[in-house]
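Q: Residues per chain, in single letters:
Protein chains: 2
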Amino acid sequence: MTKSVDFWFDFASTYAYLAAARLEETALARGVDVRWRPILLGPIFARHGWNTSPFVVYPAKGRYMWRDVERRAAELGRPFKRPGPDDPRDFPQHTVMAARMALVALDCPQGKDFCRRVFFAEFEEEKDISDPAVLLSIAIDLGLPEDIQEKATHPENKARLRASVEEAQALGVFGAPSFTVGDELFWGEDRLDTTLIWARG
Amino acid sequence: MTKSVDFWFDFASTYAYLAAARLEETALARGVDVRWRPILLGPIFARHGWNTSPFVVYPAKGRYMWRDVERRAAELGRPFKRPGPDDPRDFPQHTVMAARMALVALDCPQGKDFCRRVFFAEFEEEKDISDPAVLLSIAIDLGLPEDIQEKATHPENKARLRASVEEAQALGVFGAPSFTVGDELFWGEDRLDTTLIWARG
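Protein chains in written order, with UniProt numbering: chain A, 1 to 201; chain B, 1 to 201.
The shape of chain A in the complex, shown without the other chains:
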């Protein structure tokens, strides 16, 4: 029996961006349903003693990551734009509002589109997705509720995001993208196909 897949992501993750770009098409081809699960890596990284992305903590890994993502995006035909040294956008970007809005959006049919559009704004259109106006404009464009940011910052929705982070940690998630099929954890965009095969049983 085919099982559904949970896709755990932080909008700041370059590899989650690559996964998001090809996820639905790939899953559809294999007949697998995917649940998109926005989380924040900050609290997870904090438990490893990192106060930012490991790609910033470990410069050799960071240099490699940018080049690797550039190559992989080219393979996938995506117009990835690497933030330059003079780029005003931070890496990693602050993604709390994006994640909270995504939770609300994912209750609507446009949810996955919203998530993809946020990733593309960040990594292809050189936009600052920590800016609520950038996020709101994507939401409105997709016909999501105009009060989405009020819904997003409602205490119940904030608590929902915290609960997602805790659920991810309990499943062993330590980076993004991660995929789970029941208790089985897969880490990395390059594990997507293995995950889908696993879900098919």
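For the record, the hints were derived by calculation from the structure and aren't laboratory data.
If a hint is listed, it holds; no wrong ones were tucked in.
One copy or two, either will do: identical chains are not told apart, so a pair holds if it fits within one copy or between any two.
Listed next, the in silico DSSO-like pairs over lysine-lysine satisfying Cα-Cα at most 30 Å (straight line): (1) Lys3 - Lys81; (2) Lys3 - Lys61; (3) Lys158 - Lys112; (4) Lys127 - Lys158; (5) Lys127 - Lys151.
Assemble chain B onto chain A, guided by the hints.
A: Chain B alone, transformed into the frame defined by chain A:
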């Protein structure tokens, strides 16, 4: 024009073991030559502030790695044996002698066989490859020179290993397995196919 690939590995690396198991067959199928480059990750990890494997430093990553390697070995049809909690073998194992011997062995036609046999002894036959007797028995079995350990510990050969580690670091290597095609760096067993495509040009 097809370029050759350098395969950088520490014998302690589980993912390097997986790469070693399928490397030559995969490269042959694509008409690519691979140079096996034993190194030590210790001095490289030390620059990241780690005094052991990141899989020990970060337990969540470590738990994931063992499960992931188990799944991947099954996919490749390899009889991987995960060290149990009561296993006398350390993880990561001490690999200085193995790396020094591999450098000598790789000057002979049996070199790649020696490297594979060491990985299989470690991860499939539950042997302690920090034990020089285990290593010598593999070497003798393959018809390598009986004085291989004297050659391995000769100051010139020790210096050769240090130079390899420095060369790897200069290329940006921060983990194993890594592959390089000229200045282009690829990290991870799951990047082997991409590397070979790159080498084909």
